[in-house]
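Let the hints inform the model, and build the full structure from the sequences given.
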Amino acid sequence: MALQATPYKVSLDISDMDRGVYETVKVTVARHPSETELRLVARIIAYAIFYHEHLAFGRGLSDTDEAALWQLSLDGQIEHWIDVGQPDADRITKSSRRAPQMSVLAYGNTRIWAEKLLPKVNDLKQVRILALPEPEHAELASQIGRNIHWGVMVTDGVLYVSDGDSQVELTLHELKAAQ
2 MALQATPYKV
12 SLDISDMDRG
22 VYETVKVTVA
32 RHPSETELRL
42 VARIIAYAIF
52 YHEHLAFGRG
62 LSDTDEAALW
72 QLSLDGQIEH
82 WIDVGQPDAD
92 RITKSSRRAP
102 QMSVLAYGNT
112 RIWAEKLLPK
122 VNDLKQVRIL
132 ALPEPEHAEL
142 ASQIGRNIHW
152 GVMVTDGVLY
162 VSDGDSQVEL
172 TLHELKAAQ
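Counting in the working numbering, the sequence shown runs from 2 upward without gaps.
Do not take every clue at face value.
[Stated by the list, open to error] Here are the simulated distance ranges between beta carbons:
1) Arg60 / Ser12: 20 to 28 Å
2) Gly146 / Gly77: 29 to 37 Å
3) Arg147 / Arg60: 18 to 26 Å
4) Arg92 / Tyr161: 25 to 33 Å
5) Val28 / Leu4: 20 to 28 Å
6) Gln180 / Asp91: 16 to 24 Å
Source of the hints: derived by calculation from the structure; they are not laboratory data. These numbers were taken from a predicted model, which means no experiment stands behind them. Even glycine gets a Cβ: it sits at the ideal position worked out from N, Cα and C.
Here you go:
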């Protein structure tokens, strides 16, 4: 018998001062049986960072032809493809051809991955790659429950994630800017 996805109820109070976005959103996020807490948290953070009213979670792990998140136009066209983790250059190139904007939110030990990847994708103008700081990301992942209510403030490329009891500061590292 196949294991089923675990639903997480997520409420985000987003204050993105860098983009002028102020929203309170409630979503249910399905966690694939093989998905780690780190990846789940990265997807939720990516949702907050790139929030748009048409942003949705893709099937990700269960369908490799879909993004972790994507922003779709009203007619179903992909406007922004967002991956999390450490995708290879082929996946980034293929994804960047499917959407006018493509972003990656990398996590984990990204140094070696970035050294190998960046020369291969540097010419892709619509690709932006950000990296989460490892210790702070792990701290957030260690604290998640099935019901998540976070206040997420973004200012000058720094995320402040608060759950009411504690706050974690995550400084995003821009590995590649979109041109």
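Should the hint that Gly146 and Gly77 are 29 to 37 Å apart at their CB atoms be regarded as holding? holds (34 Å)
Just tell me: holds or violated, for the beta carbon distance of Arg92 and Tyr161 against 25 to 33 Å? Given a distance of about 31 Å, which is inside 25 to 33 Å, the answer is holds.
Distance restraint hint 18 to 26 Å, applied to the beta-carbon atoms of Arg147 and Arg60: Hint holds: Cβ distance 20 Å, inside 18 to 26 Å.
Whether the CB-CB distance between Val28 and Leu4 falls inside 20 to 28 Å: holds (22 Å)
Falls inside 20 to 28 Å, the C-beta gap from Arg60 to Ser12? holds (22 Å)
Mind checking the hinted window 16 to 24 Å against the Cβ distance between Gln180 and Asp91? holds (21 Å)
In summary, the structure agrees with every hint in the numbered list given earlier.
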